[in-house]
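Engineer: Sequence:
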Amino acid sequence: MRAAYRRQRKADPLASVEAVRSVIEQLRSALPELIPKREKDLIRMLWATRHIQRYSATDTKRGRPSHWKREELLTVGARLALILDRETSSHISISSFIDHYLRLLDFPADVLEALSSGDINLFEASQLARLTPERLNVSPPQAKHTRKELLSTHLQARLSSGSLRQRVAELLLSSSTEAAADASENSQDIDLEDFDPYDPTHLFWDQIKQLGFALRDIRREDVMDKEIDELLRASEPVLTVLARIQRRKERKTIKLEI
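Here the sequence shown is numbered in the numbering used here, starting from 733 and rising by one per residue.
Calculated directly from the structure, the hints in this document are not laboratory data. Just so you know, even glycine gets a beta-carbon here, dropped at the ideal spot from N, CA and C. Don't take each hint at face value.
Stated by the list, open to error - EDC-like, lysine to aspartate or glutamate: derived pairs with alpha carbons at most 16 Å apart: (1) 801 to 757; (2) 880 to 851; (3) 769 to 757; (4) 880 to 819; (5) 876 to 817; (6) 772 to 757; (7) 880 to 845; (8) 876 to 866; (9) 876 to 831; (10) 801 to 765; (11) 876 to 845; (12) 772 to 851.
To be verified - Label pairs and their in silico Cβ distance ranges: (13) 963 to 984: 50 to 56 Å; (14) 974 to 869: 44 to 50 Å; (15) 813 to 974: 40 to 46 Å; (16) 745 to 872: 26 to 32 Å; (17) 761 to 869: 28 to 34 Å; (18) 986 to 953: 24 to 30 Å; (19) 884 to 954: 32 to 38 Å; (20) 985 to 961: 46 to 52 Å.
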């Protein structure tokens, strides 16, 4: 059962607008001829960079053509990876930066203040940031007041991140404009709930997702016999570890039943 109370986490040096903009400026300084001057265009470029990492060259030719050449996006991705490795000691990947940290640029000022003070973590900030005037059908001051009251209750009761997400969902579902949009955002919020860039398991699951995208694009006829042998040798240690984990889970289940 998941703990009901907040856990102590290490400080996240990238969880601030200043830190995110610092990464962006380093990227712009390194590639001035490629990086757009407008922040809106830059964010679109980074999402395009994220896209080509998930899909093969063949898949990226489907649908609407990109505004940038594939080679340019690969160059941007490689440079961004170097910057993140240097700034975060290789704890935060390109996908995590684009999926989670770029969103800080759109967070309300009061949410960013609570995040920078250490009162809340990145996931909790992302939840509070969802309480916008448009989604709540209220005025900006009223939306800010709702966030303030919810944050105060959350901190005083020392509730878990999951509890905060549930309360935010309840507030948004009461608004007719949010009911449809909430379902589409739910999967992203779940991925970020226990996000800790200094947790090695985060890097593991990020790699698993990358493997999933790669395997999806590979067909049987694409793989040579020699490569099959290499894949089998590489997967054997992984399967051994997974089998050990499964046996441990089964032993725990038996003990609980007894």
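Engineer: With reference to the structure, classify each hint as holding or not holding.
Structural biologist: Hints, verified against the model:
1. Simply put, residue 801 and residue 757 have alpha-carbon atoms about 21 Å apart, too far for the 16 Å limit, and the pair is violated.
2. A distance of roughly 12 Å separates the Cα atoms of residue 880 and residue 851; the hinted pair therefore holds under the 16 Å criterion.
3. With a C-alpha separation of about 10 Å, the suggested pair residue 769 and residue 757 falls inside the 16 Å cut-off, and the hint holds.
4. In summary, the hint linking residue 880 to residue 819 is not supported, as the alpha carbons are separated by about 32 Å, beyond the 16 Å threshold.
5. For the hint pairing residue 876 with residue 817, the CA-to-CA distance comes to about 36 Å; that exceeds 16 Å, so the pair is violated.
6. Straight-line distance between C-alpha atoms of residue 772 and residue 757 comes to about 14 Å, which keeps the hinted pair within the 16 Å bound.
7. Only pairs whose Cα atoms come within 16 Å are accepted, and residue 880 paired with residue 845 is accepted, the gap being roughly 11 Å.
8. For the proposed pair residue 876 and residue 866, the alpha carbon gap of about 12 Å is at most 16 Å, so the pair holds.
9. Restraint check for residue 876 and residue 831: not satisfied, since their Cα atoms lie roughly 25 Å apart, outside the 16 Å limit.
10. Taking the CA atoms of residue 801 and residue 765, the gap is near 13 Å; set against the 16 Å cutoff, the hint holds.
11. Simply put, residue 876 and residue 845 have alpha-carbon atoms about 13 Å apart, close enough for the 16 Å limit, and the pair holds.
12. Taken as a hint, the residue 772 and residue 851 pair is broken in the structure, with Cα atoms around 29 Å apart against an allowance of 16 Å.
13. In this structure the supplied range 50 to 56 Å is violated for residue 963 paired with residue 984, their Cβ-Cβ distance being about 31 Å.
14. For residue 974 and residue 869, the hinted distance range of 44 to 50 Å is satisfied, since their beta carbons lie about 48 Å from each other.
15. At about 28 Å, the beta-carbon gap between residue 813 and residue 974 misses the expected band of 40 to 46 Å.
16. Between residue 745 and residue 872 the Cβ separation comes to about 30 Å, which falls inside the hinted range of 26 to 32 Å.
17. At roughly 43 Å, the beta carbons of residue 761 and residue 869 sit outside the given window of 28 to 34 Å.
18. In this structure the hint that residue 986 and residue 953 lie 24 to 30 Å apart at CB is violated, the actual value being about 44 Å.
19. Taken as a hint, the range 32 to 38 Å is violated for the pair residue 884 and residue 954, whose Cβ atoms sit roughly 56 Å apart.
20. Taken as a hint, the range 46 to 52 Å is violated for the pair residue 985 and residue 961, whose Cβ atoms sit roughly 36 Å apart.
Going down the numbered hints, you'll see the structure goes against 1, 4, 5, 9, 12, 13, 15, 17, 18, 19, 20, while the others check out.
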